[in-house]
Amino acid sequence: MLSRAAESLYWMARYLERAENTARLINATQQLVLDLPPGASFGWDTLTRIVGLDKLFQQTYDEPDETSVVDFLMISPRNPGSIQSCIRFARENCRTMRDVLPRDLWERMNSLYLASKRYSQAGLRHKDRRQMLQELIYDRQSVAGVLATCMSHDVAYQFIGLGEHIERADMTTRILDIQSAILIPRQSGADPALALLWVGVLNSLSALQMFRRHAASAGSGDGGITAEHVLHYLISDLHFPRSVGYCLDAIETHLAELPHNIDPLRALRTARRRLDRTSDADLATDRRHDFLDDIQGDLAHMHDAIAREYFHLHQREAVLGVAV
Amino acid sequence: MRFGTDDYRPGDVYDELVDSEGQPRPAARSLCDYLATLDAGEMRLRRQAIDAAIVTMGISFTTYNDGENIDRAWPFDPIPRVMPESEWRLIDRGLRQRLTALNLFIDDLYNQQRIVKDGVFPAELLAGSRNFRKQCRGISPRLGVWANICGTDLVRDKDGTVYVLEDNLRVPSGVSYMLENRMLMKSAFPEIFSSNRILPVDGYTAALYDMLAALSPRMEDRPVIVLLTPGIFNSAYFEHSYLAQQTGAQLVQGTDLLVGTDDVVYMKTIAGLRRVDVIYRRIDDDFLDPDVFRSDSALGVPGLMRAWAKGNVAIANAPGAGVADDKVVYTYVPKIIKYYLDQDPVIPNVPSYQCNDEKEREFVLANLDKLVVKPANESGGYGLLIGPQSTQQQREECAARVRADPRSWMAQPTLTLSTAPTLAGEQIAPRHLDMRPFILQSRSLYVTTGGLTRVAMREGSLVVNSSQGGGSKDTWIVGGT
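Protein sequences appear in the order of chains A and B. Going by our numbering, the first sequence opens with residue 1, and the numbers climb by one from there. Going by our numbering, the second sequence opens with residue 325, and the numbers climb by one from there.
To be clear, the hints were calculated from the coordinates, so they are not data collected in a lab. From a predicted model like this one, the values you see are computed outputs, not experimental measurements. There's no promise every hint is true.
Pairwise CB distance ranges (calculated) [stated by the list, open to error]: (1) Leu238/A <-> Arg368/B: 32 to 38 Å; (2) Ala748/B <-> His260/A: 19 to 25 Å; (3) Val379/B <-> Thr253/A: 34 to 40 Å; (4) Asp610/B <-> Arg130/A: 51 to 57 Å; (5) Thr253/A <-> Ala530/B: 53 to 59 Å; (6) Ala595/B <-> Arg49/A: 21 to 27 Å; (7) Arg454/B <-> Lys55/A: 24 to 30 Å; (8) Pro102/A <-> Gly793/B: 30 to 36 Å; (9) Thr585/B <-> Thr67/A: 54 to 60 Å; (10) Ala284/A <-> Arg598/B: 48 to 54 Å; (11) Asp294/A <-> Met507/B: 54 to 60 Å; (12) Thr585/B <-> Arg130/A: 23 to 29 Å.
Chain B stretches covered by chain A per the calculated footprint, using a threshold of three residues with CB under 8 Å from any CB of chain A [as the list claims (entries may be wrong)]: (13) 590-598; (14) 679-692.
Short derived list, chain A residues pointing at chain B, Cβ under 8 Å [as the list claims (entries may be wrong)]: (15) Met1; (16) Arg95; (17) Ala144.
From the three backbone atoms N, C-alpha and C, an ideal C-beta is built for every residue, glycine too.
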């Protein structure tokens, strides 16, 4: 497989996953904002920082409020991470790789693209927005379904899987981090309203039901929906597909099928070691934002290792007459 | 309303399906009888099925002037063009003869230049030729063949004679549409195929693979073959992708390849560098190698010419083959066939006047309103003057251009291209057409069974190129006729 082809497939998968998860992020945020306890507020500028786009946002918009931030994340053409931009890029990559992808995929991708264009025309009225984002998630899942069931698990499939799972793990940590944007006035003790916030996070990741069924803490009195339990589940669980631990396992499976995988596997092991050593202290209120940042750093290193190994042939070394 | 040819009258032209009395020609009889059984509704249904298949299969071509919409669905006419096998056999022979002679000519031009020394081909024409690449002098590619793939355009005049209109042997395209047209016909009209002996066309991609594999410099079991495309925005990208898939060649862009210090071409893969044996290139010479040709080309591979000159990689068609893809050189082809093969051409050239010659130039300038004047090197029908359809001003502008640079112009009498019944809305009406068979040459020769028939969709129009609104038909060579 050509390096360029592998890179196109990898990024197609990352863009699709990013689009879906940004939709989930926005939905999760809406939920939280509606359920904020009295006196609490939501820092929309923090949200832009969580997705690593705060500087770009500041260049493009004056005031960080709900309208501007959602506009930025959903439809802004100047944000390469906006839902619309991601879908556009994914479609372009799909187009150039049509000969290795299932035939149906192009048509689904086109539907997804046309749907995303409709959002910008329809405007962003609050109640419509939630439905649009939900439809977008469904359309994107249709694409994922075709890939999962109609494509041979060949080399192309492995690169798609790598992109999907790295992005998903990364976005899960960002969605978990939105609670750090909530500014609660100093008051003593645990606030039952906080549990509702975490229910919102679980719902946005379609994880509430699975959490209740499978999380070790689920049997305890308060329903177990505390920050620590939810964070632990979505970071370390090995069975739920959106958890970071599951994604790392999936990445390892994909890497196992590729040649020259030593360096990427080494980066993966570093990430897994951090997860294995997760302690309660890491998940405490004052520490968790940094901890999630650290995981994101590990994922970025994994991406770098993959890019170095597969996408960027070291041209200088290569030109020294190496025969294959 | 029935689609019989009773009401169909071709007029003062040669029609491929129907004779001057309105009777179907023998090879087309069965087809015409079938068409007569279809009413308007039935035809509409088949037409819709075909159009849907074109969209689903993604058969497209790309034009440059459509804003965001860059892929256009392929314009296909469901009524095929028909030719009897006996006539085709003669044309097949003529096409093989022609490409064999042209390849001997090209090899001679880049080496001994005997044909020039013997006074048969003027030296000054060579000097003025844009496609003669001095960087290719002294080189002889594997098997001595430069143009491995040639698309020769054939036209038929009023009197029924088939002529060669031109030879395309730089980067000829259209063969994938020939293959897809047949597939569309089989899916829309399967019953016709059982009642007619229509010779198959599907052997092309296997023959293409064999032709390319024979060029490999390494005696490997399976040579590494790539198809070099300019990329997704090229008008023929569909064909590049299609042929790559069908032959198992790896579709690559310039940036996927590199030439090592060992002058070997490599492909950049996830497992490292992989040596390339044969490049089927769909990029013009000018853009092939920024070290040698246009330095601003981002489409090519630096050092490619070095690798090719050393014989480390085969390139089909070879760089410099375009010297014979020239409308002025075309006028010498009968002499070229005589010189190298000591034979007369089986398929005649259209009678042509060379503006380079003073007497012929004066004749051309005196008769602009009756002739077709063509620039020696443009393709796609641009720059053409069609005398009988031109205005006084267009003729004056053409005369000025001819006087300024006579070597770059030639002229031919206006041919009345043959027609065939074509679906125009809900009617069938005659439309002019030509045909482009494809000829392959490396270790042996191969000719497509028939070729791509291109049809002008507008009434009276003689311009058949897809980039200017033309469409195409399936081409039937009917066995046993």
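Right, here's what the structure says about each hint:
1. Leu238/A <-> Arg368/B: 32 to 38 Å: Because 59 Å falls outside the window, the suggested range is violated.
2. Ala748/B <-> His260/A: 19 to 25 Å: Cβ of Ala748/B to Cβ of His260/A: about 59 Å, so the range 19 to 25 Å is violated.
3. Val379/B <-> Thr253/A: 34 to 40 Å: Taking Cβ atoms as reference, Val379/B and Thr253/A lie about 37 Å apart, which means the hint holds.
4. Asp610/B <-> Arg130/A: 51 to 57 Å: Distance hint for Asp610/B, Arg130/A holds at roughly 55 Å.
5. Thr253/A <-> Ala530/B: 53 to 59 Å: 38 Å, violated
6. Ala595/B <-> Arg49/A: 21 to 27 Å: 40 Å, violated
7. Arg454/B <-> Lys55/A: 24 to 30 Å: With a Cβ separation near 52 Å, Arg454/B and Lys55/A fall outside 24 to 30 Å, so the hint is violated.
8. Pro102/A <-> Gly793/B: 30 to 36 Å: With Cβ atoms ~34 Å apart, the hint holds.
9. Thr585/B <-> Thr67/A: 54 to 60 Å: 58 Å, holds
10. Ala284/A <-> Arg598/B: 48 to 54 Å: 52 Å, holds
11. Asp294/A <-> Met507/B: 54 to 60 Å: Check passed, 56 Å falls within 54 to 60 Å.
12. Thr585/B <-> Arg130/A: 23 to 29 Å: Distance hint for Thr585/B, Arg130/A is violated at roughly 60 Å.
13. 590-598: Answer holds; 9 residues pass the 8 Å Cβ test.
14. 679-692: violated (count 0)
15. Met1: 5 Å, holds
16. Arg95: 7 Å, holds
17. Ala144: 22 Å, violated
Violation of the numbered hints given earlier is confined to hints 1, 2, 5, 6, 7, 12, 14 and 17; the remaining hints are satisfied by the structure.
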